[in-house]
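Peer 1: Top line first, the protein sequences correspond to chains A and B. Residues in the first sequence are numbered consecutively from 0, following numbering that gives the first Met the number 0. Residues in the second sequence are numbered consecutively from 0, following numbering that gives the first Met the number 0.
Honestly, I wouldn't trust all of these hints.
Pairs count within a copy or across copies, as identical chains cannot be separated in the list.
[Claimed, not checked] Straight-line C-alpha distance at most 27 Å; calculated BS3-like pairs for lysine-lysine:
no., residue 1, residue 2
1, Lys25, Lys49
2, Lys39, Lys25
3, Lys25, Lys47
4, Lys36, Lys47
5, Lys39, Lys74
6, Lys74, Lys153
Rather than coming from a laboratory, the hints here were simulated on the basis of the structure.
Protein chains: 2
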Amino acid sequence: MAKGQVTRQTILERAVAVSSVTGLEKLTIGQLADDLKLSKSGLFAHFKSKEALQLAVLDQATDRFTELVVRPALKEPRGEPRVRALFERWMAWSRNTILPGGCLFVTASVEFDDQPGAVHDFLVRAQQDWVDLIATTARFAVEAGHFRTNLDGKRFAQELYGILLANYHFTRLLADPAAESRTRTAFEHLVARSRAV
Amino acid sequence: MAKGQVTRQTILERAVAVSSVTGLEKLTIGQLADDLKLSKSGLFAHFKSKEALQLAVLDQATDRFTELVVRPALKEPRGEPRVRALFERWMAWSRNTILPGGCLFVTASVEFDDQPGAVHDFLVRAQQDWVDLIATTARFAVEAGHFRTNLDGKRFAQELYGILLANYHFTRLLADPAAESRTRTAFEHLVARSRAV
DNA sequence: GCAGTACACGAACGATCGTGCTAATATCGG
DNA sequence: CCGATATTAGCACGATCGTTCGTGTACTGC
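Generate coordinates for the entire structure from the input sequences, incorporating the hints supplied.
Peer 2: Below, the structure is given as structure tokens:
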């Protein structure tokens with residue numbers, strides 16, 4: 000790998016970590032350059048615009064998400080085991096165990112939901128893909144005979160998403176130590192009433 | 000009311016509307032002054048600092064929320080009717096019907112969950128109060144015999160919060176037209192399995 | 001009508017933002 | 001080892017940020 004690619008990668012890793020705490024908008028080129036002991040213009044040359052940097056950060060984060068959440072879950076057999084794996088990995092991701100400051104996509108989604116542009120479009124596509132994956136995973140569980148046949152995959156996905164968003168909210172802002180336990184209970188109930196009778 | 004209080008109120012109303020779209024951080028004094036055809040310094044003099052402006056905006060938004068969501072719901076009789084009223088008003092609030100750009104508190108919570116300061120503290124207190132109110136309302140429904148006696152109010156609150164956060168996410172970012180219908184279904188299911196047997 | 005206060009304005013400040021330029025330096029194939 | 005190229009630094013720019021200060025103006029109580 001060429002030298003430029005190495006530093007570019009270093010920059011991106013730091014940028015993902017920073018922006019998962021502060022958000023994508025107050026990720027600033029000068030600050031990032033200082034952190035990495037680079038010159039502002041030297042760092043800038045790698046991306047040519049701030050929007051391109053933001054997109055690269057999202058791309059990097061998406062890769063990490065796929066690697067750490069999606070791919071391991073897809074190794075589980077279709078059906079309830081895979082649904083559970085997805086949930087567990089997702090929880091670990093949105094905790095600060097993997098990245099500091101929680102989930103970058105939650106922050107970015109709120110920041111850009113009203114702000115048109117390439118970043119917004121990227122986010123919509125990524126989130127849409129993720130929701131579709133959850134829905135498909137739920138439908139596989141139907142095919143496997145684990146979940147009831149009249150289950151709506153999309154509805155399952157939206158409810159699961161809500162459970163994790165609530166977990167995020169109660170854990171991060173309210174710092175409620177009982178939140179995660181309630182989240183797991185809610186998930187168990189969702190699975191229970193999705194099961195085949 | 001003195002002249003100053005009038006303009007201050009005008010400023011705040013506009014500021015609440017703007018920041019519910021853009022968030023509290025990119026609510027900028029210069030831009031706000033231009034919108035209202037005031038000088039930057041003249042507007043600034045009303046608040047003496049940006050943080051004070053942000054706090055005033057949150058305070059104003061809290062008042063509106065109390066007036067438009069909480070108070071009407073409290074007029075309903077304790078029990079399931081009040082729970083339903085809370086849900087309906089909350090939905091209307093987080094839609095763009097009342098404020099443009101959705102719920103200011105969701106945006107602000109994500110923006111400030113990792114950023115210490117007076118704004119963060121205000122948000123934590125306000126959201127805590129709101130969650131407590133939901134939990135209490137659920138417990139009233141238990142007392143009224145509508146909900147089962149072993150219902151955990153806090154857990155009910157967290158689940159309801161998740162349902163609305165998912166609605167927010169799917170409606171705003173993903174612009175999914177079926178989201179609200181799924182939200183209502185999820186709410187009905189939550190109520191149904193909270194009911195007394 | 002006058003004094004005193006409340007209010008708004010304009011100009012300017014230091015800082016920081018993203019973004020160009022140009023020059024120096026590091027890397028690497030031949 | 002050299003020359004081409006890729007990579008970084010230095011500097012400056014216009015814009016915008018929050019904030020301060022001095023000045024004018026409108027309003028109010030006496």
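Peer 1: Hint by hint, say whether it matches the structure.
Peer 2: Evaluation of the provided hints:
| no. | hint | result |
| --- | --- | --- |
| 1 | Lys25 <-> Lys49 | both (11 Å within a copy, 17 Å between copies) |
| 2 | Lys39 <-> Lys25 | both (15 Å within a copy, 23 Å between copies) |
| 3 | Lys25 <-> Lys47 | both (18 Å within a copy, 24 Å between copies) |
| 4 | Lys36 <-> Lys47 | within (19 Å within a copy, 36 Å between copies) |
| 5 | Lys39 <-> Lys74 | neither (42 Å within a copy, 58 Å between copies) |
| 6 | Lys74 <-> Lys153 | within (22 Å within a copy, 36 Å between copies) |
The structure does not agree with numbered hint 5 stated previously, though it agrees with all others.
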